[in-house]
Amino acid sequence: MRCYRKGSCGPYEMLSCSECPASKPEYVLRGSSPSLPRLIELMEIERECIIRNTYNDCNRQCDQCDLVQDSAELISTYTRIISILDAMKERCTT
Numbered sequence: 026m027r028c029y030r031k032g033s034c035g036p037y038e039m040l041s042c043s044e045c046p047a048s049k050p051e052y053v054l055r056g057s058s059p060s061l062p063r064l065i066e067l068m069e070i071e072r073e074c075i076i077r078n079t080y081n082d083c084n085r086q087c088d089q090c091d092l093v094q095d096s097a098e099l100i101s102t103y104t105r106i107i108s109i110l111d112a113m114k115e116r117c118t119t
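Once you know that position 24 of the sequence shown is 49 in my numbering, the rest is easy, because the numbers rise by one and skip nothing.
Think of the hints as simulated: they come from the structure by calculation, not from any bench.
Predicted, not measured: the structure shown is a model, and the values here were computed from it.
For glycine and all other residues, C-beta sits at the position ideal for the given N, C-alpha and C.
Careful, some of the hints might be misleading.
[What the hints assert, rightly or not] For each label pair, taking beta carbons as the anchor points, the in silico distance ranges come out as: (1) Thr118 with Arg85: 16 to 26 angstroms; (2) Asp82 with Cys117: 15 to 25 angstroms; (3) Cys83 with Lys114: 30 to 40 angstroms; (4) Asp91 with Cys117: 30 to 40 angstroms; (5) Thr79 with Thr104: 23 to 33 angstroms; (6) Pro62 with Cys87: 16 to 26 angstroms.
Kindly produce the complete structure, drawing on both the sequences and the hints.
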């Protein structure tokens with residue numbers, strides 16, 4: 026498989042991008058949605074929600090809350106962040 030990276034992946038050239046320790050983090054970030062800025066925005070919203078719950082500013086009427094986000098997008102966000110963290114972990118252990 027030809028490597029998409031400038032300068033290629035060297036000894037990992039025959040691995041797929043999702044398996045290659047040199048390109049996996051970048052490859053995961055190249056995925057479709059949500060974009061990296063949106064990932065950050067959604068995680069900041071989730072953090073604010075936890076803060077509100079922790080300090081009793083929350084009445085648990087989520088349907089009326091300004092922080093409520095689409096569940097499918099949040100699930101996609103967590104999935105993508107976990108993939109990114111897994112790739113980073115693999116990169117650090119190799």
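Now the hints, each set against the structure:
The supplied range of 16 to 26 angstroms is broken by threonine 118 and arginine 85, whose beta-carbon atoms lie about 41 angstroms from each other. The hinted range of 15 to 25 angstroms is not satisfied by aspartate 82 and cysteine 117, whose Cβ atoms lie roughly 37 angstroms apart. Separation of cysteine 83 from lysine 114 is about 33 angstroms and conforms to the stated range, judged on CB atoms against 30 to 40 angstroms. Under the hint 30 to 40 angstroms, the C-beta atoms of aspartate 91 and cysteine 117, about 37 angstroms apart, fit the expected range.
Checked against the hint of 23 to 33 angstroms, the pair threonine 79 and threonine 104 passes, with Cβ atoms roughly 25 angstroms apart. Checked against the given bound of 16 to 26 angstroms, the beta carbons of proline 62 and cysteine 87, roughly 24 angstroms apart, stay inside it.
Hint check: violations occur at hints 1 and 2; the rest are consistent with the structure.
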